[in-house]
Structures are given as C-alpha cells and as structure tokens.
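Undergrad: One letter stands for each residue in the lines below.
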Amino acid sequence: MRHVGRWIAAAIVLLLAAIVIHSVATNPRFGWGTVGDYLFDDRVLRGVRVTLELTVVAMAIGIALGVILAVMRLSPNPLVSGGAWVYIWFFRGTPVLVQILFWGFVSALYPKISIGIPFGGPEFASADANNAIKPFIAAILGLGLNEGAYMAEIVRAGMLSVDEGQTEAAHSLGMTRLQTLRRIVLPQAMRVIIPPTGNETISMLKTTSLVSVIAYAELLYSVQLIYAVNFKQIPLLLVAAIWYLFFTTILSIGQYYLERHYGRGSTRELPPTPMQKLRMRYSRAREETA
Amino acid sequence: MTAPMVKAEAVHKRFGRLDVLKGISLEVAPGEVMCVLGPSGSGKSTFLRCINHLEKIDAGRLWVDGSLVGYRQEGDKLYELRESEVARERAQIGMVFQRFNLFPHMTALQNIIEAPTRVKGVVRESAVSQARELLDRVGLADKADSYPAQLSGGQQQRVAIARALAMEPKLMLFDEPTSALDPELVGDVLDAMRQLCSVGMTMIVVTHEIGFAREAGDTLVFIDEGVVVETGHPREVLEHPKHERTRAFLSKVLS
Numbered sequence: 001m002r003h004v005g006r007w008i009a010a011a012i013v014l015l016l017a018a019i020v021i022h023s024v025a026t027n028p029r030f031g032w033g034t035v036g037d038y039l040f041d042d043r044v045l046r047g048v049r050v051t052l053e054l055t056v057v058a059m060a061i062g063i064a065l066g067v068i069l070a071v072m073r074l075s076p077n078p079l080v081s082g083g084a085w086v087y088i089w090f091f092r093g094t095p096v097l098v099q100i101l102f103w104g105f106v107s108a109l110y111p112k113i114s115i116g117i118p119f120g121g122p123e124f125a126s127a128d129a130n131n132a133i134k135p136f137i138a139a140i141l142g143l144g145l146n147e148g149a150y151m152a153e154i155v156r157a158g159m160l161s162v163d164e165g166q167t168e169a170a171h172s173l174g175m176t177r178l179q180t181l182r183r184i185v186l187p188q189a190m191r192v193i194i195p196p197t198g199n200e201t202i203s204m205l206k207t208t209s210l211v212s213v214i215a216y217a218e219l220l221y222s223v224q225l226i227y228a229v230n231f232k233q234i235p236l237l238l239v240a241a242i243w244y245l246f247f248t249t250i251l252s253i254g255q256y257y258l259e260r261h262y263g264r265g266s267t268r269e270l271p272p273t274p275m276q277k278l279r280m281r282y283s284r285a286r287e288e289t290a
Numbered sequence: 291m292t293a294p295m296v297k298a299e300a301v302h303k304r305f306g307r308l309d310v311l312k313g314i315s316l317e318v319a320p321g322e323v324m325c326v327l328g329p330s331g332s333g334k335s336t337f338l339r340c341i342n343h344l345e346k347i348d349a350g351r352l353w354v355d356g357s358l359v360g361y362r363q364e365g366d367k368l369y370e371l372r373e374s375e376v377a378r379e380r381a382q383i384g385m386v387f388q389r390f391n392l393f394p395h396m397t398a399l400q401n402i403i404e405a406p407t408r409v410k411g412v413v414r415e416s417a418v419s420q421a422r423e424l425l426d427r428v429g430l431a432d433k434a435d436s437y438p439a440q441l442s443g444g445q446q447q448r449v450a451i452a453r454a455l456a457m458e459p460k461l462m463l464f465d466e467p468t469s470a471l472d473p474e475l476v477g478d479v480l481d482a483m484r485q486l487c488s489v490g491m492t493m494i495v496v497t498h499e500i501g502f503a504r505e506a507g508d509t510l511v512f513i514d515e516g517v518v519v520e521t522g523h524p525r526e527v528l529e530h531p532k533h534e535r536t537r538a539f540l541s542k543v544l545s
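Chains A and B, in that order, give the protein sequences. For the first sequence, the residue numbers in the working numbering are 1 to 290. For the second sequence, the residue numbers in the working numbering are 291 to 545.
Honestly, the hints are just simulated from the structure, not real lab data. Keep in mind that a hint or two might mislead.
If you want a taste of the chain A side facing chain B, the calculated C-beta under 10 Å gives, among others [to be verified]:
(1) A170
(2) G174
(3) L258
(4) Y262
Beta carbons: idealized from backbone N, C-alpha and C, even for Gly.
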C-alpha cells in the first residue's frame, strides 16, 4: 500500500473529529436546545445588526483614513509624512481595547466639544461631550482610528508594489501626481491591498466585540445581557459564536471574488471559481453518462 | 535657421556622488530625427529623461520649443515650476519606454484614451475614434480590447507609441524602444517609428539599432561618460568615426 503515513494521519484526524462531535452532541450542558431558542431572539438579532453596522462604519473610516495616511507618508514634504508616521506610531503602539475605553471616557478629558477658531477665537457650535460622544461614537472612534493606522501600512505597501515605470509613464503623459495616484497607482495597488483588507474586515467583525466593555449592545454584549439574567452562559456564547462564524464565512467568500476581480490583467486567464469548477465537473459527468 | 525644438546647454546631472551627465550641449531642429548611441551607463537615457523633467538637471539649461524645462526664468533667477505646469509641459512631449509601461489594468484602447480625456479634456467619443485610428496606424486595429498581458512585447510597444501619439506631442522621446523585444518583433516597432519620421515628427531615439539610425536618422550623437563625443550625419559618423571612443564602441557593436 502506498502513502501509509497519509492513511494513518487521516485515521487519527477522523478519530479526533468523532470524539469532538460525540462530546458536543451528547454533553447536555452545551444546551443546543437553548442555542436554538436564542439564535433568532430579537435582542440577539439587534446585536447582530449593531455588530455589522460597527464593522462597516469602522472599516469605512479605517480605509479612508488609511488611504489618506498612506498618501501622506509617501509625500515629499517631511512634515506631512512625519505627521502620518506619528499617527501610525501612536495608534499601532497602544492596544485597541485601551483606545476604546479611552474614547468611552473622553468626556472626562474634554467635558465640552466646540467648533470654532482655536486658541480663544469665537465658537460656532458646542456640545456637552457626554451627550455628543455616545457609546456608538466612542466605539466608532476607537475602532476606526485604530484601523486607519493598520490600513495605512497596507495601502502604502500596495502603492509601493506598483512598478515605478507606471508612475513615470503617467507623468510623461502629463498626468498630475493625484491623477496618477487615483487612476494608475491605486487601481493596481488594489491587488496587493485587497487580500489583507479582507483579513482586516474579518478581524474587525470580531474586534467589535471589545466594544462590550463600554456597555454598547453589539452582539457579544447583547448575549451577555441575556445570560446575566438566565445564567445560560455557554449556550448564549455559542449563539454569538455561530453568528460571528456565519458572517466571517460570508466575508471570506466575498473576499475570494474581490481578489479575482482585481487580478484582472495580471494573468492571461483567470482560474475557475469553485462554482464554475462544480458546473464543469457536472457537465463532464453528464457527457460521460450520455 | 528655425528655432530648435530641443536645445541643451551644458546639462549636468548627478546621482549622489556619481556624475552622470557632465555638460551635454546639443540642438534638435523641428522635424529632425536624432539617434543617440552610446555604451550602457553613458547617460544617454538619463539625458532623455531630463528632457521631459522626469529627472531634474543639476546645472545647465534645457529648452523644449523655446521654453525652459521645469523652470521659469525671471531676470537671472530660475524658479521651479509648479507641478501642474510641469505636467502641462510634459503633455506636449511623448515618451516611449524600454519596458513599454502600459497600464496593465486597462485595455489597449483605455490606455490610449486615458491621457487625452483626463489631461486634455477631450470628449470620450472623439478620443475613442482617434485611438482606433492610431491603433490602425500601428497595425493593431483588432487589439483595442486586449489587455497588455494578452499582447506580445512588440504589440505592447506599438500600443505605447499610439498612447504617446494620442496626446499629439510636438516631440517624441524613445528610450531604447526595442531593447526588451525578441529579435523577430523588433521590425514592427521600427516600422511604426519610421512611419512617424515620414510625417515629420521631431524624434530623439536612444537606441542600439544601428540600422535604424543609419536609414531613418538625420543626426547621430555618440555619448560616452556623460559627454557628447561626436555628432554628425549618421552615415558619416558610422563609416568615418573621428573619435577613438566612437570607433571602439562601433567596432564592438558592428562586429
């Protein structure tokens, strides 16, 4: 028999899987019935919606900020690139949990927020920080500003991956630095930027759970509120886990197709998608039986 | 004599501690085809890139069509042009690169219409019809919707020529346009360039194609170690080189 090692390894994997499945299915304390009861509970679904909102808004802020910071870092002006460097240094150098807590308590630091001329000039509008910085704003600031620092490095790496000759060709055609960036460099940088951005989005979906520390009812805090009353911690944490897993799976599939889209032009022919492969196999099987 | 299209006066360029150009002076008349020959590292490509300000010169003066490249002169002082002004100057100078530098995320047609529509504000329809005409001229009418990766090197370079021509430049710069091509693809690119010569385009061609320089060139310049060693009619320079360095170079290239 060939590949003896492979057969043994496969047998071990199957055995371990069987043990896990048996235990998960037969241990009553998993409370699968309770999981079913709460999976589509209104409070849980509201938490799911908030988690998705947080993910989308924080990533949007992160990506926009990342592009701006990356362009700033590649600027020939040392003050501009230095400013971006300091931003990235600070926000990557402190834990995101600390940043979220910080924004949660920011009203202690600046009790009043106002828009106007700085250094004692007139004020146009002002608000009490406690009212202006609601948990949602604090969560968005904490997650988005932090993400901006990471996205900046991703976007910068993408822009640096584009051949210098592309910029030269665009410049030689009379395009300005910004036109070149927007039309030539960034679209090509996308191929390098998209995969890690997908990872960042998936990671963001999970990181939003940290916002529970400032009592903002996203998915995790929503199930915590429920088990604080009924003490069914494990089933409710499973509910949260199932939802997180569901959306990270969807995001992974979306990322696959996005990567394919931006791979255009780099290879002569794109490899088939899993769906196309299935269809090909199906039609081949039909031909063979016919 | 008409005013020169390109005039260089003691152009110097340094990269760090390396003097690449040590005082290049030459003139190119409108409609003239100047071929630039020289060993690698002689500074010929750098000089070409100075003409459209892809490289800043460190000393000397460089004019294209009567205006200083990259600078504005007021009295004795030179002021660096703003980015948009440099871009406007560059828009009138076409450049073809050794490695084509087509935009890989755009089709051949999109490559060609990009600058006319974005830079010159030409309406899309007329840019497209002009682009198709140009593609037809370089023999690639059927490749309008192909991406660069689907084209051979020779085809890519001809698209690159069409892309540069779409800006209706008054001067074309060629930086070793055939050096990255398989030998059997060189001919088509040279044909496209010859066609340009015949319509009176002013061209500066850095090349190793001695044959092209001999037939199509009006002038031949031999550059070595950052200086112009010899200038003259191509046949004259190729057959009766006056300078020892020219002779040594030609004997290596022609043998």
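Undergrad: Each hint: holds or not?
TA: Here is what the structure says about each hint:
1. Taken as an interface hint, A:A170 checks out: its beta carbon lies about 8 Å from the nearest beta carbon of chain B, inside 10 Å.
2. Hint status for A:G174: holds, given a least beta-carbon distance of 3 Å to chain B, under 10 Å.
3. The beta carbon of A:L258 comes no nearer than 14 Å to any beta carbon in chain B, farther than 10 Å, and the hint placing it at the interface is violated.
4. The beta carbon of A:Y262 is positioned within 10 Å of a beta carbon in chain B (closest approach about 8 Å), and the interface hint is therefore held.
Hint 3 from the list above is the single one not met by this structure.
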